[in-house]
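Asker: Read off the chains here:
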Amino acid sequence: MTPDEPAVIEPPRVHRLPDEAYTRMTLVLRLGLGISLAVLLGGLVAYVLAYPGTSSQSVLAHNPILSYLSLSGLGAGLAAGSIGAVLTLGLIVLVATPIVRVVSGLYYFRKVGERAMTAITFTVLVLLLLGLLVIGPHIR
Amino acid sequence: MDLVLFVVLLILVAIAAGLVGSLTGLGGGVVVIPLLIIFFGASVPIAIGTGFVTILATSSATGAAYVRDRLSDIRIGMFLEIATVPGALVGATVTVFLTHANLESALLIALGVVLFAIIPGSLARRHIELPAPQPQDARSKMLGLTGEYHDEVLDQDVAYRAARTTPALGVMLGAGAVSGMFGIGGGVFKVLALERFLNLPMKVSTATSNFMIGVTAAAGAGVMLAAGYVNPILAAPVAVGTASGAFLGSRLLPGLRNRTVRLLFLPVIAALAIEMVLRGFGLP
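If you read the protein sequences in the order shown, they are chains C and Z.
In terms of the working numbering, the first sequence is residues 1 to 140.
In terms of the working numbering, the second sequence is residues 141 to 424.
Hints may be right or wrong, so weigh each one.
Cβ pair distances, simulated, as ranges [unchecked claim]:
{"hint": "1", "chain 1": "C", "residue 1": "PRO18", "chain 2": "Z", "residue 2": "ALA299", "range": "17 to 27 angstroms"}
{"hint": "2", "chain 1": "Z", "residue 1": "THR306", "chain 2": "C", "residue 2": "PRO18", "range": "24 to 34 angstroms"}
{"hint": "3", "chain 1": "C", "residue 1": "GLY113", "chain 2": "Z", "residue 2": "GLY314", "range": "27 to 37 angstroms"}
{"hint": "4", "chain 1": "Z", "residue 1": "LEU423", "chain 2": "C", "residue 2": "ALA61", "range": "19 to 29 angstroms"}
{"hint": "5", "chain 1": "Z", "residue 1": "ASP209", "chain 2": "C", "residue 2": "SER55", "range": "44 to 54 angstroms"}
{"hint": "6", "chain 1": "C", "residue 1": "ARG110", "chain 2": "Z", "residue 2": "PHE179", "range": "44 to 54 angstroms"}
{"hint": "7", "chain 1": "Z", "residue 1": "VAL293", "chain 2": "C", "residue 2": "LEU71", "range": "16 to 26 angstroms"}
Just so you know, these hints were derived from the structure itself, not from any lab.
Beta carbons are placed, not taken as given, at the ideal position from N, Cα and C, and that holds for glycine.
Using the sequences plus the hints, can you model the full thing?
Answerer: Encoded structure:
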């Protein structure tokens, strides 16, 4: 074989998760996006109806999310019917959707007994939670 | 500006951004972030935080179809997330620290430069449907980074294997950092690594990049949300508009997803990038 000749490569052995994994992940994406958009749209309409005279400058100057970033703050806000808390919940669902997808990947890699991919997926999940629960609040 | 007008304009801009972003493959963030800063008066970190919202909405709106069609390679995507997620965490943390240090103008200039960097990258894509096969490296063999999909256009089953995983991980770390720092998907860099280093077919690269963009954005968004740099009144209309635009783009106008649309759209990004840099230097 001369250096110009391409190496003979055997056809790849295909690795694939079970079809159920793809179906579930599609469902996770659709559900997560649907729920978050419904909550965000509902909250937005309620906000516009409740505060019609608010200016855009006021919206930009006052970020309501700061009151609802703890579990207790969000719970109290939702219980009190706060629109800011509802919108924050919609955003949390939006951010959580890809994270839930990683969780479902972890479940299926573990189910088919792939230790290396399970470890990798678990590490990705830990890093995602680290950003949301530790790094973000710590640097606020 | 009146609240109703503000919300309606945000939704319209976001629909346009989602539509154009999905047609060009550049994502909505590259349009939404500069417009939020220039026309809506948002601060740089809040615009970046909102950028993550556009990525998450676009990625979830279009990603479901890719996963359903088995084009998205979850195994390869997850393997590369081991690099993009820490990159995004570092990038978002740097953005928050720059904001705390009153260095928003430096962030603005860097954002303008990154927008410029995307332009040649988006034009340089190879558009080779099926790359010539290359040997799998040891890591790719160990993790079984191979796959197969049915190509509707070519009407054949296409099998592929990932090559050169080490440089791909390096590029993905950088792509994650850029995404985390500026709230953009960084799909251009991800597709580049998937096509050129891992040697994946174009359709698999695009779909896997979309899968990865969502997870990478969740890392950056998690930091920015928890640090208080997402304004829900701003983010809600942007999320609704971007998801609608991306959905429209992926369903109604697939025939327009070509080089011409990119060439029409890229001057707009260039103009926005120039404006960002000028503002960063305090010039009118």
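Asker: Hints first: check each against the structure and report whether it holds.
Answerer: Results of checking the hints against the structure:
1. C/PRO18 / Z/ALA299: 17 to 27 angstroms: 18 angstroms, holds
2. Z/THR306 / C/PRO18: 24 to 34 angstroms: At 30 angstroms between Cβs, range holds.
3. C/GLY113 / Z/GLY314: 27 to 37 angstroms: 33 angstroms, holds
4. Z/LEU423 / C/ALA61: 19 to 29 angstroms: Because 25 angstroms falls inside the window, the suggested range holds.
5. Z/ASP209 / C/SER55: 44 to 54 angstroms: 46 angstroms, holds
6. C/ARG110 / Z/PHE179: 44 to 54 angstroms: 48 angstroms, holds
7. Z/VAL293 / C/LEU71: 16 to 26 angstroms: 49 angstroms, violated
Hint compliance for this structure: hint 7 alone is broken.
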